[in-house]
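Chains as they are written, first to last, in my numbering: chain A, 1 to 239; chain B, 240 to 624; chain C, 625 to 1013.
To be clear, the hints were calculated from the coordinates, so they are not data collected in a lab. Quick reminder that beta carbons are idealized off the backbone N, C-alpha and C, glycines included. Hints may contain errors.
So, partial list: chain C residues that the calculated Cβ filter (under 10 Å) puts toward chain A [unchecked claim]:
| hint | residue |
| --- | --- |
| 1 | Gly911 |
| 2 | Leu919 |
| 3 | Ile1006 |
| 4 | Val1007 |
Below, in silico cross-link-like pairs of lysine-lysine (DSSO-like), each with a Cα-Cα straight-line distance of 30 Å or less [said to hold, decoys possible]:
| hint | chain 1 | residue 1 | chain 2 | residue 2 |
| --- | --- | --- | --- | --- |
| 5 | A | Lys60 | A | Lys165 |
| 6 | C | Lys641 | B | Lys254 |
| 7 | C | Lys862 | B | Lys336 |
From the derived model, a few chain B residues whose C-beta atoms are all more than 10 Å from chain C [unchecked claim]:
| hint | residue |
| --- | --- |
| 8 | Asn249 |
| 9 | Asn286 |
| 10 | Gly318 |
| 11 | Gly321 |
| 12 | Gln333 |
| 13 | Pro354 |
| 14 | Ala381 |
| 15 | Val391 |
| 16 | Glu431 |
| 17 | Asp465 |
| 18 | Ile616 |
| 19 | Leu620 |
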Amino acid sequence: MTLPLISVRGVSKSYRRGGQVVPVLHDITFDVQRGDFLGLMGPSGSGKSTLLNLIAGIDKPDAGELLIDGVDITRLEETALADWRAGSVGFVFQFYNLMPVLTALENVELPLVLTSLSRQERRVHATAALGLVGLADRVAHYPSELSGGQQQRVAIARAIITDPKLIVADEPTGDLDRHSAEEVLTLLDRLNVELGKTIVMVTHDRRAADRAHAIMYLDKGELSRAGDIHERSVREARA
Amino acid sequence: MQSLKLILRNALRHKLRTGLTVLGLIVAILAFGLLQTVVDAWYAGANAAAPNRLVTRNAISLVFPMPVHYRDQIRAVPGVRGVAPFNWFGGYYQDPKNFFAQFAVDPVPFLAMYPEYRIAEDELRAFLRDRKGAVIGRKLAATYGFKIGDTVPLQGTIYPGVWSFTVRAIYDGAEAKTDTSQMLFHWTYLNETMKQRVPRRADQVGVFMVQIDEPQRSAEIGQAIDQLFRNSLAETRTETEKAFQLGFVAMTEAIVVAIRVVSFVVIFIILAVMANTMAMTARERAPEYATLKALGFGPTYVARLIFGESVAIALIGAVIGIVFTFPVAHWFGAKMGMLFPVFEVSATTVGLQVACAVGVGMVAALLPGCRAARVRIVDGLRAIG
Amino acid sequence: MKAIPFAYSVRNLWTRKLTTALTAGGMALVVFVFAAVLMLDAGLHQALVATGQYDNIVVTRRAAGNEVQSGVERAQAAVVASQPEIAVGPAGEALVSKETVVLIAQPKRGSGVPTNITVRGLGPAGRALRPQVRVASGRMFRPGSTEITVGRSIAQRFEGTELGQSLRFGARDWTVVGVFDAAGSGFDSEIWGDGEQMMQSFRRQAYSSVIARLAAPEQFELIKPRLESDPRLTVDVKRERVFYEEQSQMMSNFIRILGLTLSVIFSIGAMIGAMITMYAAVANRTGEIGALRALGFRRGSILLAFLAEALALAALGWTVGLALAALMQLVHISTLNWQSFAELAFSFALTPQIVLQSLGFAAAMGLAGGVLPALRAARLRIVDALRAA
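Just chain A, same shape as in the assembly (with noise of 0.2 Å):
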């Protein structure tokens, strides 16, 4: 039995909200094997995006562990946990989140510039992954100067170049069209197939939810799964 790239054990979180202590997560605990397309969902204010967000290292649950890869992220301060994420985790938000001020290459070699290369290897990988997403062609654009669809495959292109292990997505095609919201998630696809990415989304969109492997539900802060890498395997073969 291979290691799983994450472990999530005894996970609780709450919030206070004007003095109140508002619970969010109770005591999750589950696991993602890598190269596992894992879709989380449930109601608003089931708890799913709290729980991304712990996995991502971008906040602290209030109990439990949270092993990525044997590290337990639970235990990394904050600088050391803002360098694990540079390294381990892509990042793909509902609303891009692009700097409006950069160009698509710039946007995309942000992560690089937090580690020692220098500024033309930066450029060229920032090419090649633009490359990757398709948008070779719009290396100079600036985020509003590009369509949402391919706004998103930058913020893709961003969260792949450092070769993380884990890609998180909340809510990847929540703001785009049909047509966009199949590019995105056909790119999606082919990072977790053809290179391995382990890919962990929060997602609406059945269609979406379509492409995972597998889906788990969370209400009100307690999970249960439904569907696993079989289902998929079983799609693949009506295709």
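Dock chains B and C against the given chain A, drawing on the hints supplied.
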């Protein structure tokens, strides 16, 4: 007054931004008020001048004296009620930095033409009896702690040597604009002493203060006086006291102009800050304005909201700034001491402060107000989300 | 700690052009006032200090504040002139000038306002003691005549001072035969003539001051105590440069204190403007801040990025403000010097030191205005920043 409530509530929405803007306004209005008061203080001498007083000096320049016997000839000119010899002493007390105005005068005619110098009867008599006596102003007495009976030694610069005077009287000013930082002593004492020390400099007067009966005839009487001494060794030039004082101001005109200009620079600085604030605010509220218009409120209503908020913020800052101007001016005047003997915030200054604040408020809202009035409902609503 | 690319900070200024223009504009005005005040003071010093030679001395009556108030009797002047330290010229003449200095009131061109001008009656060696002075047009006055030569600034600013015209004072007419150029020093604001003629005209028995060149500058330490303790004399002996420096003190202090106080007060206004702008920038870009932190940038680099933005604003303001201030070098000021009580013309002087000082001032404004908003940006929690986007 529904809109007034709306305006004030809007202003308080972004407390930090509004607070900072108001703070900036307070500082700017305060600085403006202070500078205008400095300019006013420059003209203090001219403002305190009386229309029935003329000043006669040597035509070459103030540096040259006139013979004392001119006094009787001037006194004889029709329309002249009194003549007082007046020499600028220019000494200092203990340290060259301790400078204040000292004059050697013929006290009886001088005090007769300066009714705004109020002296108690008994003190006046004591002064007139003591040839080494001195009359000092209330502000001067307060600055150095001089009391009646104290000896004040002065180091002379124009009239060399050390001179000792005894304080016999303290004068108060009849009005706020009267200078009470001066020291007066007997011209005869100065003259007698110079006769002994440097005889060739005796019997010389720096300036004659001339009191006339009819202020409207001042030009005529002045010319009559100058005519007396034409082609003599010491030709004279006579002018009204106000013109004389303005002459000094005119010599340092460049500085006065510079200070006036700078006082308006600060207004421009705060205008930039306010315009920035209002532009930001209007931009952020574009969806709200669009909604209001969709609901049926006209473009003028929207524009009025912005103008109202801008002027309201400006006035709040201005009021606080004006209130603080008075204590700050008081402190500044005390620090400047003898340099600005009269340092009062005038009503004109306060009026200018208010006018500038309203002006800043209106101009700052100009561009954002017009833009908001013209925003298309569709564009404004699209900005949401 | 790796920094966020500088282009991110600078380009953000370009996106909000109006806000950037207004904020930088406010700072530019403050830098302008600050630099202009320092330049005015520097110009005043240049005019006055350039007036004095290091190896000249000025002898005046003790405690007299300036030459006009001073009186040195003939006998006393003779004692001063006979001192061994005084240099000797090429023709064997002692380089000492007994001078008469008075003020005359003349109307200014344009306004016609009578203003005091320094009139200096020189001794025979007077010209030689001022090597910076050269004749610009016409010629120097002839000794023993009632001719006068006027300084460049006087010729420009006062009526009746052109070649061939005459001024009337001391019951005589004095003809203007030339204009001299004193290289921007205080002498440009003076009128020169023959000292003995003026003494007669004004019926004076005493000179105003005695100016002399020392054979060697160090000999000042010998001549000063000797003359000041001589019982026949009551004089002050000063190096010419120090003498003129003291003449500028009152005005210099006034300009400096008022100007710097104003600059500080104004800078509060500009700083508030910068703070408002930067707070808004942070508020508008919380989403970007969250994304940058998620990518792995530290709080420190967020802080630096926003501080850099504030400093870039300040730099923009500094450039414009200093450029405006540099233009002031074309402006000439003429005003009454309170110490000498006479007209003095000087200009705004831009020195490298002022360039650096104004840069520091602008940077301080930028930092002061930007630090609190930058801290707010750095202190944001990642999840809050992303949620607020």
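Do the hints match the structure? See the list:
1. Gly911: holds (6 Å)
2. Leu919: With a closest approach of 5 Å, the Leu919/C hint holds.
3. Ile1006: Cβ of Ile1006/C sits 4 Å from chain A, so the hint holds.
4. Val1007: holds (5 Å)
5. Lys60/A - Lys165/A: The given pair, whose Cα atoms are some 20 Å apart, holds under the 30 Å limit.
6. Lys641/C - Lys254/B: Within the cut-off at roughly 24 Å; holds.
7. Lys862/C - Lys336/B: holds (19 Å)
8. Asn249: Correct as stated: the minimum Cβ-Cβ distance to chain C is 16 Å, above 10 Å.
9. Asn286: Consistent with the label, Asn286/B stays out of reach of chain C, its closest Cβ about 19 Å off (over 10 Å).
10. Gly318: Nearest chain C Cβ is 24 Å from Gly318/B, so the label holds.
11. Gly321: Its Cβ never comes within 10 Å of chain C, the nearest being 26 Å, so this holds.
12. Gln333: Answer for Gln333/B: holds, closest chain C Cβ roughly 12 Å.
13. Pro354: holds (29 Å)
14. Ala381: holds (23 Å)
15. Val391: Per Cβ check, Val391/B is outside 10 Å of chain C; nearest 17 Å; holds.
16. Glu431: holds (19 Å)
17. Asp465: holds (14 Å)
18. Ile616: holds (23 Å)
19. Leu620: Fine: 19 Å to the nearest Cβ keeps Leu620/B off the interface.
In summary, this structure violates none of the numbered hints.
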